[in-house]
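K.L.:
Just so we're aligned, residue 1 is where the sequence shown starts under the numbering used here, counting upward by one.
Do not rely on the hints blindly, as some may be mistaken.
What the hints assert, rightly or not - Derived DSBU-like pairs (lysine-lysine); straight-line CA-CA distance at most 30 Å:
| # | residue 1 | residue 2 |
| --- | --- | --- |
| 1 | K18 | K7 |
| 2 | K67 | K98 |
| 3 | K238 | K192 |
| 4 | K229 | K215 |
| 5 | K194 | K215 |
| 6 | K300 | K249 |
| 7 | K111 | K128 |
| 8 | K300 | K34 |
| 9 | K183 | K301 |
| 10 | K286 | K330 |
| 11 | K24 | K408 |
If you're looking for bench data, these hints aren't it; they were derived computationally from the structure. Quick caveat: nothing in here was measured; it's all calculated off a predicted structure.
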Amino acid sequence: MIFVNWKELIMCNIKLLKALRVRKKMSGDRMPVKMIGDILTNQLPHMQPYIRFCSCQLNGATLIQQKTDDSPEIKDFLKRLAMDPRCKGMPLSSFLLKPMQRVTRYPLIIKNILENTPESHPDNSHLKAALEKAEELCSQVNEGVREKENSDRLEWIQAHVQCEGLSEQLVFNSVTNCLGPRKFLHSGKLFKAKSSKELYGFLFNDFLLLTQVTKPLGSSGSDKVFSSKTHLQYRMYKTPIFLNEVLVKLPTDPSGDEPLFHISHIDRVYTLRAESINERTAWVQKIKAASELFIETEKKKREKAYLVRSQRATGIGRLMVNIVEGIELKPCRSHGKSNPYCEVTMGSQCHITKTLQDTLNPKWNSNCQFFIKDLEQDVLCVTVFERDQFSPDDFLGRTEIRLAEIKKDQGSKGPITKRLLLHEVPTGEIVVRLDLQLFEEP
């Protein structure tokens, strides 16, 4: 494939564009937009599809060149394509560079905005957080491009391993939950100790995937596993075993004839046999090292999150939010229903409601709270999405409300209920219950 996940790139940019449009609209007619840092902080983590696209960019360029050399018809077609006014004389291969160019511009643009934003401005801290997110994205994209062999192997696994039955699509060449880009670590034949059932294991930095071969392995064994010419296919044997939940052990007598080892995962134990003692050593060492790194990284992230929460708690107050329900949301599915959920944000603080199935009038009744830094400038944002298992989530609308407006409407009456129109969609409203509590009256 040339443009590997183009639709995902379009979707994450649509989300950013719509968030900015709603901010502009809610700022009032001909009024300047005073804050965008909170939107960037919230949206940049959703730009992770760029990592996969950019890591496959060289393969795409190679494929275009190969097809051009092999086919005069394709060569002629691409020449005519470049003459289209929309292409401005640029060849198709040049458009493969556009996503990488966009990602690298984000830190530069945000730095420029920061240089023109006083320290005292309420958006300053949001912009600093956004810059950190943009630089992290750039770093992950660059790492993906550098580790081409890893990327190629992940794409091979995507094409040759069937993962049916998972609650969401597993994209191997993507970002893990907390370890950055996914990395392939090891693979090989494994056997269940009791039944001698043959399995094939793929170890990544975040999970172990046990599979079964659906087409027989060739005589040269695992050498053919990552070959572009192989016809090997695998299917998932067990759902992924996450490495932050495992304990790997050697048998009581590791000097025994059989190269056995045990993997304890939550409430079950897998006893597996490797092809040799050396292979067992490799599996045990790699699983242990990856598990320890996963657990340590999680611990550091929890400590950082606790520190951030502690800093937020020093704000001037808090906003208690209850996302009550949605009304007449936009239908996305063929039967006229949706699987909607809400993403509720204020600055870098974020809460996601549960997803409700097959409804245009969801009753979430979901509670959350946000710490207030600036009563005049802080904005509560609610975005509604349709949960999709095998494609990017669809946009079902967005709305915003300034805390200054909540303070004015609430007065001394206590919690208030508001019905907010969703923007950038033809239909939909959100009902929220709000209670603004100041720690001390400013």
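K.L.:
Taking the earlier hints as the rules, which of them does this structure contradict?
P.N.:
Of the numbered hints given earlier, those the structure breaks are 8 and 10, listed in rising order.
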